[in-house]
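**Q** Residue strings, one per chain:
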Amino acid sequence: MDRSRRYRLRRVVGETHKGAAVRVRGLVVRYGALTAVDGLDLEVRAGTCMGILGPNGAGKTTTIEVLEGLRDPDAGEVEVLGRTWSKDPQGIRERIGVQLQETDLQRKLTVIETLRMFQSFYREKRDLGEILELVGLTEKRRARVDDLSGGQRQRLTLGCALVNRPELLFLDEPTTGLDPQARRRVWEIVEEFKRAGGTALLTTHYMEEAERLADDLVVVDRGHVVARGTPMELIASLGATGVVRYAPRAGHEAAAAAISEAEFLALPGVRSLRVGNDSRELIVHDTQAAVVSLLGLFEARGIQLEDLSTHRPTLEDVFVALTGKQLRDG
Amino acid sequence: MANHSALFELVRVRVLLFLREPEALFWVFIFPVLMAAALGFAFQGGEAPTARVRVLDGDGASALVERLSGAPGVPLELEIAPVAEEPELRRAITSGRIDVLLLPGDDLELVFDGQRPEGAAARTAVELALARTAPGAPLAEATLAPMQERGSRYVDFLLPGLLGLNLMSTGMWVIGFAVADLRQRKVLKRLLVTPMRRSSFLLSFLLARLVFLVMEVAALVLFGALVLDVPFRAGYVEFLVLTLLAAFTFAGLGLAVTSRAQTLQGASGLLNFAMLPMWLLSGVFFSYERFPEFLHPFLKLIPLSALNDALRATMLEGASLTTLLPELAILAAWAAAAFVVALTCFRWR
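Residue numbers (my numbering), protein chains in the order written: chain Z, 31 to 360; chain V, 4 to 352.
Since the hints were derived computationally from the structure, they do not count as laboratory data. Glycine residues also receive a C-beta, built at the ideal position from the N, C-alpha and C atoms. Where hints are given, some of them may not hold.
[Said to hold, decoys possible] Derived DEER-like restraints, expressed as beta-carbon distance ranges:
hint	chain 1	residue 1	chain 2	residue 2	range
1	V	Phe11	Z	Gly207	32 to 40 Å
2	Z	Glu218	V	Ala335	49 to 57 Å
3	V	Leu247	Z	Gly207	43 to 51 Å
4	Z	Asp118	V	Tyr239	45 to 53 Å
5	Z	Glu283	V	Leu267	45 to 53 Å
6	V	Ala335	Z	Asp104	39 to 47 Å
7	V	Glu26	Z	Gly207	26 to 34 Å
8	V	Leu225	Z	Pro210	52 to 60 Å
9	V	Arg200	Z	Arg304	51 to 59 Å
10	V	Phe276	Z	Glu218	49 to 57 Å
11	Z	Glu169	V	Phe276	42 to 50 Å
12	V	Leu267	Z	Asp104	28 to 36 Å
Chain Z extracted, bound-state conformation (with noise of 0.2 Å):
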């Protein structure tokens, strides 16, 4: 069933903005002495998903924060659909719709129920069967929200979000504690929203969602951002054509601890070594090179093998190589 073909994206109400979805200037947010957002910069394009990657405490929350209009920032200029929130908030209201990080719903009403009551909210009115149908709840639409599985409530934050024919879509991590069908079913509705022409701007820690949902993305770390660009961009911005990762079997840490940076640095092919807890990987432009050489070096020293494995770079090398942390801490 073609489900786009259902979503009309002109509202009925009042005319939908052109310029860019979302400007932020130099956004500034402190909390106390702490300096949660320090100058940041961003551009979402209508009809685009801008990804926001960052550890924890970035400062991603917050500014998404400020662009709902939940908090005030200390300085710096913010513009959504082409209002600020001090001139036109119920403007902007009307025109977004938002799924905040841990929102709860009112647990004894029913699907129906909840719906019906965030739709009362807008002037704009989405059909309610056609939001059913959208976030596939419409067999539970009688089920108390208690009753509702992870997946399913998550779904019914989604719909509620939805219930205006919103321009503007935030998500801040839409999909964190689902497991992997669950998060699929959550991205088939973000991809359906994006399909109809909607702009969306999340936040997330998986980069399986980032690189499939964002067309562009900003890595933010300790309140600005560090790099920008389509996921293609960033990762070929490490200059990197694989990772290797080994780790060395027990009773062998000593000896492989013992090479030098200097020493995997010299061997062909390598760009550079990152150390972690309990493996290491080296950021290599010639994959085959550096995992003969790799291996020529262990052999010399007479250094055995837990594990030793290669990928392509990802988001996440990318992450880490910028940040120097996991985007899932711990």
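Dock chain V against chain Z, hints included.
**A** Quick look at chain V alone, frame taken from chain Z:
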């Protein structure tokens, strides 16, 4: 147009949520009736109980017993007790097993516990018996006529107090708790990013409250009238105005008290802190007139005192709106102050 439907939906949701909370239904509807039943039956009027009098053995003990038992119209339960039992008898007075201990002698000594109503009544009975059997007794013709009229018994005093108490605690608990719960679970934050009007949201709690107010008040008033025979002399307009205003006042106080509470525990502590003084000082179970005189003007200003005074005046004496004006003004002032505080301090996240 959109806002009408939003307000309607919000009220509908509140009513649905309340109906789906069995515990809340119990505390709002069943508990006050159970309390009225228990207290009503415990303190039901009736014949004044016969005073239980012990006379300590000694000179003139049997003569005293003979004299008292001959007193016309004053029934007493009289017994002579051995001297050795005196300490035990004194304790029996404190614990209410007997009412009066008489120590005969040149100066007759009457031991009783004036703190208990039965003790004071028994003392009066003994004194009356002594007076009637004295030579040339002037009171010999008087008979004892305990008050039995509807509207003047303890249960008549109690029921309006319980109604007031119920209006207060339901109003404050249901609203304060619901709001704190929504805040703690970040539902408020989610509502905040919608164009929902803040005022519609707060108003929905009040309107939903009114839906249940009728049932809640009717349950208690009907129970009082049908089972405990408590009179209902209030005019319908007076009663409606008073209970509506009270519902708004306490809903506002519930919102104000919990306007910044971040957790349910915090809200519950604040609500208890606000309500406990009212339980004690506002004349629910006993009249606040029992507190020292200089406190009365202040006690009258407590919202629950004003409500209880007005409920008693209208339910028992059929007082008119003009008579109730001072109490209505006190309630309205609290309501206004509460909403100002609730609207300015309300924390949405």
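**Q** Evaluate each hint against the coordinates.
**A** Now for the hints, and whether the structure bears them out:
Evaluation of the 32 to 40 Å hint for Phe11(V) and Gly207(Z) yields a pass: the beta carbon distance comes to about 35 Å. Distance hint check: the CB atoms of Glu218(Z) and Ala335(V) are about 56 Å apart, consistent with the given range 49 to 57 Å. Leu247(V) and Gly207(Z) have their C-beta atoms about 46 Å apart, which keeps the hinted 43 to 51 Å range intact. Checked against the hint of 45 to 53 Å, the C-beta distance between Asp118(Z) and Tyr239(V) comes to roughly 48 Å, which is consistent with it.
At about 50 Å, the beta-carbon gap between Glu283(Z) and Leu267(V) stays in the expected band of 45 to 53 Å. Range check, Ala335(V) to Asp104(Z): Cβ separation about 42 Å, and the 39 to 47 Å hint holds. One distance hint, 26 to 34 Å for the beta-carbon pair Glu26(V) and Gly207(Z), holds here, with the actual separation near 30 Å. Range check, Leu225(V) to Pro210(Z): Cβ separation about 59 Å, and the 52 to 60 Å hint holds.
Hint check: Arg200(V) to Arg304(Z), Cβ distance near 53 Å, so the stated range 51 to 59 Å holds. A hinted range of 49 to 57 Å holds for the C-beta pair Phe276(V) and Glu218(Z), which are about 51 Å apart. With their beta carbons about 47 Å apart, Glu169(Z) and Phe276(V) fall inside the hinted range of 42 to 50 Å. Judged by the Cβ atoms, the range 28 to 36 Å given for Leu267(V) and Asp104(Z) holds: they are separated by roughly 32 Å.
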